[in-house]
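Between the sequences and the hints, there should be enough to build the whole structure, so can you do that?
Chains as they are written, first to last, in the working numbering: chain C, 1 to 357; chain L, 1001 to 1170; chain X, 2001 to 2376; chain D, 3001 to 3527.
Since the hints were made in silico from the structure, they are not lab data.
Treat the hints with care, as some may be off.
[Stated by the list, open to error] Some chain D residues close to chain C (C-beta under 7 angstroms, calculated; not the full set):
{"id": "1", "residue": "ILE3157"}
{"id": "2", "residue": "LEU3325"}
{"id": "3", "residue": "PRO3344"}
{"id": "4", "residue": "ARG3345"}
{"id": "5", "residue": "LEU3348"}
{"id": "6", "residue": "GLY3361"}
{"id": "7", "residue": "VAL3362"}
{"id": "8", "residue": "ASP3367"}
{"id": "9", "residue": "GLU3368"}
{"id": "10", "residue": "PHE3376"}
{"id": "11", "residue": "GLN3380"}
{"id": "12", "residue": "ILE3381"}
{"id": "13", "residue": "LEU3386"}
{"id": "14", "residue": "TYR3389"}
{"id": "15", "residue": "LYS3395"}
{"id": "16", "residue": "ARG3397"}
Quick caveat: nothing in here was measured; it's all calculated off a predicted structure.
Where is the CB? At the ideal position from N, CA and C, for every residue including glycine.
So the chains spell out like this:
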Amino acid sequence: MSDLRNAGTGWQERLVSAYKSFGLPRMIIAGMLVVLLIAAPLVGANFWMQITNVINRFSWNSVLVLAMVPMVHSGCGLNFGLPLGIISGLLGATISLEMGFTGPMSFVMAILIATPFAILFGIGYGWLLNKIKGGEMMIATYVGFSSVSFMCMMWLLLPYRKPDMVWGYAGTGLRTTISLEGYYDQILAKFLQIRIGSLVIPTGSLLFFAFLAFLMWAFLHTKTGTAMTAVGSNPVFAKAAGINVDKMRMLSVVLSTWLAAIGILVYQQGFGFIQLYMAPFNMALPAVSAILIGGASVNKASIANVIIGTILFQGIVTMTPTVMNNAIHMDISEVLRMVVSNGMILYALTRKTEAKS
Amino acid sequence: MRRILFRAGTIVLLIAIAVCMMIIGRGHTIYFDNKTLEYEGTKYEAVRRINVNVNGEQVAKLSKKERGMATFTGQKFSFDIEIIREKNGPSEMRTFNIEVPYTMDGIVVNLIGMIEGLPQDAWLKEFIPAPVVEEEDEEIIIDEFDIPADAREPGTVPAQEPDTETASES
Amino acid sequence: MNKKQNNASGRLLNFLGENSVPIMFVIIVAICIPISGFSPKFLLNEIITRMGRNVFLILSLLIPIMAGMGLNFGMTLGAMAGEIALIFVSDWQIWGIPGIILAMILSIPISVVMGIMCGKILNASKGREMITSYIISFFTNGLYQLLVLYMMGSIIPIIHSSIKLPRGYGIRQTVGLLNMRQSLDNLLALRIAGVKIPVLTFIIIALMCLVIVWFRRTKLGQDMRAVGQDMEVARDAGIDVERTRIISIVISTVLAGFGMIIYLQNMGDMATYSAHSQIGMFCIAALLVGGASVDRASIGNVFLGVVLFHLMFILAPTAGAKITGDTMIGEYFRVFISYGVITVALVMYETKKRKAKAGMGHLLEAAQREEEKANA
Amino acid sequence: MSDHVPLLEMKKVAKDFFGNQVLKDINLKLEAGEVLGLVGENGAGKSTLMKILFGMTEINETGGYDGEVLFNGKVLHFTSPFDALAEGIGMVHQEFSLIPGFTATENILLNREPQKKSVVSEVFGERLNTLDRKSMKQKADGAIDKMGMHIDGNMVIADMPVGHKQFTEIARELSKEQLKLLILDEPTAVLTEQEAEVLLQSIRGMASRGIAVIFITHRLHEIMSVCDKVVVMRDGVLVHDVAAKDTSIPEVTRWMVGRSVNIDAQTHRKPPETPTIMSIRKLWVDMPGETVRNVSLDIREGEILGIGGLAGQGKLGIPNGIMGLYNAGGQVTFDGKEIPLNAPRRCLDSQLAFVSEDRRGVGLLLDESLEWNIAFPAMQIHNKFLKNYLGGLIKWRDEKAIGEVTRKYIEELQIKCTSSKQKAKQLSGGNQQKVCLAKAFALNPKFLFVSEPTRGIDVGAKALVLEALKKFNRENGVTVVMISSELEELRQICDRIAIVSGGRIAGILPATSSSEDFGTLMVSKVV
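Structure below.
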């Protein structure tokens, strides 16, 4: 039977299978974005401004989406525990600021300080996920939530003293949002920034993402990266081939956590603020649905998925409010975003994947 | 067949209960006025004091030009009033039954008109609340996760748990 | 094995291990009560109020657990159905107990439709029901907002401007339920030594418990238990597994709708866009605190859970403030505990599942050694 | 005689799975109250025949069967086992089909519980009837009595010893009033000797009540003691159908395994008298369904050793345990060094390789390319197909080298595929098996375990695989241990054959020994 299939893989069939693997929901979302792009000038929105917005949002979020890749590759599923990595990033950011670094140095130091936290948290998180193989996604979600709420207490209790970070009246406890002006606000975006009319391209941020994406791509081409993919594809095969499955999974979790930490720092430099307390809660689901929209599944993801997904998702998110508001004076973009992003995750969860144990 | 019958019966029963509830549970607000009333050229003066009782409970004590309020559910409403025309004078008891149209949320009755036995259109009016000028749209936060910043139990507004609040301050 | 079980200390350890979560909470509560300085009367009053308010909602979680579908994070769907019904009822100005009954009846069709949708999706994602039902609750929240924030008042007629947004469509942030506030709780209410007991609410809850007990004895309940334990065997025996699972979710959703209405009539007003968003999490946390696990929960767990969890909820902010001098610490602490307890329960469930799968190599080894001894 | 209708009659029943003929021309008669013993090697077609009789859906899904099955004189057209149950055919499968948290009573009456009506059920359907616990207990107890073995109806399945679970299953079938024919598929496999004896008695009891029984087992003495007639199957053909009293265990054994093909002594070399390369001592392996108990075995350098035996007797557990895929204990020395168990990496480092019987589960990365599948273990274990940068700090995948080696094996083993980049899941079973071999060959092992290399592949591919193994052994001097359920296949290429029975080595014979000798060993310690 399969011999038959082997014989005739014409280009039409390939096209059909490409369509099938792309999936209906993605088609709809891509179609929606095209419609939005066409509609934007028609309803009087500045087209290039829209494009700038999309690129900007892409540059903020892409690293967070990239953080999904390692864990998907090693078969740990979608990293709903992204907030844990984000917390490492937040620790890096706040400590860097507290230590008095400013300008570009504060960004470099934030990354450096966030790294050991990310590794430490990643190891703990990876250890836990190795104990509960098969139930990763649900537990990851709640590990994320617990850690966020735990850190809420810590932000209040840790001895931060820098006046522009803590509540003025009490002198202790971090503020919910901390402005990054004078620190690393737009530090990457301003680097080699290109302006053509109303189109602004944050070259530095894009290059930074490209650099990380390249590293990820390169890693997946090394011996270890290959082993990680094999673990995700078939853990028993990997075990039989002498791979330490748990170690590979752990590595992927650490990588994912670290990328999330870097991701939030990149996000902050674009956004201009550090958001603390309950803010990291909101971060996992958009990243998860972005990579799924990009064509990834629960156990397969590539760099291309990250790029396509982030563009599509952020495109929808940034363009719908303006276009909708201009067109029908009813801003249903937020609701639309919820339906689209969660619908995408649901779609991915209901796809049958090869049963593995 | 038997089952379909039973099922249909259950659904009809539920709908019947629902309809019943809609009738007996329909809430109305009734406002009592002790105000001077002009009807077909005749002027009816407000009295010194009227006490309004619903089910034996006093809901309003109305001096001249005052308005009282009561709420009730259903379409039929009965209340007693005690009329005192002079200070320390004798009181006069009257009982009234009125029917309220289903569609009206609130009605205003002029007690004077009722006491004088005028026709219904003289003393019954629909209560139309004065349009409140509101400031711009209130912000609807429909954030996906919607953890309130102070992370209370959902919907528990502090005002409703005064005990907890005061206790925590002490 | 038998020897170990007969061993008294072993049994004690077993008991402690299986009930570690409730025991931990008892300890937390025992420490917090003296620190917080609340009077017993106040605490008792609070607990009884919260019991009346929450127990019904939590009871709605029991049936999906019985059917092996784990903690139904999708109970939020029922809560939304209840809220939609309440919006209508409050717009139609139906007050008091009739209003509550009408809202319950109205919520049934909405809950059933949502439940069927949820059940079908969960059938397509067997093995990861929990994360799926969790995402479904977000997804449906989007649909709910589309309905309530955009369609109500524009497509669906809403009469009263008191619940409508000034812009002409959409429902306000809060919908006042003053006219039915606690009407269920106040009817037949008793006051014993200053403690108010909402007798009618408790009677309803007791009836619900009886219904659940009865339901376990029905054919459907038996089928659900069978499906919950082994889908394949149940299917081989001719039980329609998919349908049974959908029914369990539908029942849970309908009950959650009723529960939400009971909850909101007690609160007296409704946060239109956020009342449901956390309710699933709090109910699940409470159930788990009561000693339930992902695959096993009883009515006893519900009551114990409500008492312990809500005691913690009342005590944490004050105790936290007394200890650290900051009220917010306690607030965050109780959120942390809620999430933490769910995390711990999920981890325990998964590790137990894996342990059960792990083989009995040691038995083989022992048998071999016996054999050698016999040969020697 | 002509108007007498037997309870069950099969006429010219045949079945193929996509051109692969597994049953040919089966004719069979069974009277009410008769006990029929069905014996045959694994893959002889017993289970397919029973699946046809029981109306299993997979038969229908794969195109039905040829010939006729008559039950009580009526031609059967089952579309699902429920049809069979309705007709009065019951089957006790090898795997338990019981709800672990239910009591025996609940399991016996699963989905057939006596019920009481109530008002609620009038509205919401019969499923809201309450269970009638009292009559449930009565019915279940009745069935247990019928069986003759006492089990506690209130005991939860999870707490039961294995034997009682088996009896619960049987009681479930007996509780069905319409039961006329009961199929028992290796029911005694999990029973202790005494329990098995009770079961045999209860089979006799059933027969005396007029229930016909088809009894499948590898324990031939059980067949002899309880059956009225014995039916022997081999290679999809019914070879003998005789009364039990007219035959004997050795004769049945011969029928079971004996093929007329006599192994040509010339094609066989003399078993090499080389030193031992691997010695296994007191090995136990906890592999579900293939438990290994206290195995000791010496393997000589450069030989091809076959390990045979019936399914479920533990032959598969041996390589899986040594290679660290299942929990194992004992001692294994290879080339003078002890190999730690439960550590796959250490085995591979010592140049052992393993081709698993579970191609799709263990053997392949189904979603990846052939290149990955073939090169992966060699890359990971021996750092092959890698380019080193920065003094070995970065080990980059060498796609070119991987492509080359893959194409080399594609050619050598004649793997049919569109390109070396094709995904493994798109290949046919035979070609997948070749990929698994290529993967092992690419490791350049000194010692190779091959488990069921020909399972589920067509004849052409089978010959190729066996030839490739033989060549690999002869040309590279690699010691090969081949595990297979097909004795003939082992006899073709092996030097010596060890037979595993009951988790233990029952004996080791040269490949040229007679079929009967092997057959006797196979059933010698069956548990």
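Okay, the hints, checked on the actual structure:
Because the smallest distance between the Cβ of ILE3157/D and any Cβ of chain C comes to about 22 angstroms, over 7 angstroms, the interface hint for this residue is violated. Nearest Cβ of chain C to the Cβ of LEU3325/D: about 6 angstroms, under the 7 angstroms cut. The hint holds. Restraint check, PRO3344/D versus chain C: the minimum CB separation of about 5 angstroms is within 7 angstroms; hint holds. Below 7 angstroms, beta-carbon pairs count as interface contacts, and ARG3345/D has one with chain C at about 4 angstroms; its hint therefore holds.
Look at LEU3348/D: its Cβ gets to within about 4 angstroms of chain C, closer than 7 angstroms, so that hint holds up. Because the closest C-beta pair between GLY3361/D and chain C is about 6 angstroms apart, less than 7 angstroms, the hint holds. Proximity of VAL3362/D to chain C holds as hinted, the smallest CB-CB distance being about 5 angstroms (cut-off 7 angstroms). Interface restraint check for ASP3367/D: the shortest CB-CB distance to chain C comes to about 5 angstroms, inside 7 angstroms, so the restraint holds.
The closest approach between the C-beta of GLU3368/D and any C-beta of chain C is roughly 6 angstroms, which is under the 7 angstroms cut-off, so the hint is satisfied. For PHE3376/D, the shortest C-beta to C-beta distance to chain C is roughly 6 angstroms, which falls under 7 angstroms, so the interface hint holds. Here the hint on GLN3380/D is kept, as its CB sits about 6 angstroms from the closest CB of chain C, short of 7 angstroms. Because the closest C-beta pair between ILE3381/D and chain C is about 6 angstroms apart, less than 7 angstroms, the hint holds.
Among the interface hints, the one on LEU3386/D holds; its C-beta lies about 6 angstroms from the nearest C-beta in chain C, closer than the 7 angstroms criterion. At its closest, the beta carbon of TYR3389/D sits 9 angstroms from a beta carbon of chain C; the interface hint therefore is violated under the 7 angstroms criterion. Checking LYS3395/D against chain C: minimum C-beta separation of about 4 angstroms stays under 7 angstroms; hint holds. The interface hint given for ARG3397/D holds, since its Cβ lies 5 angstroms from the closest Cβ of chain C, which is under the 7 angstroms cut-off.
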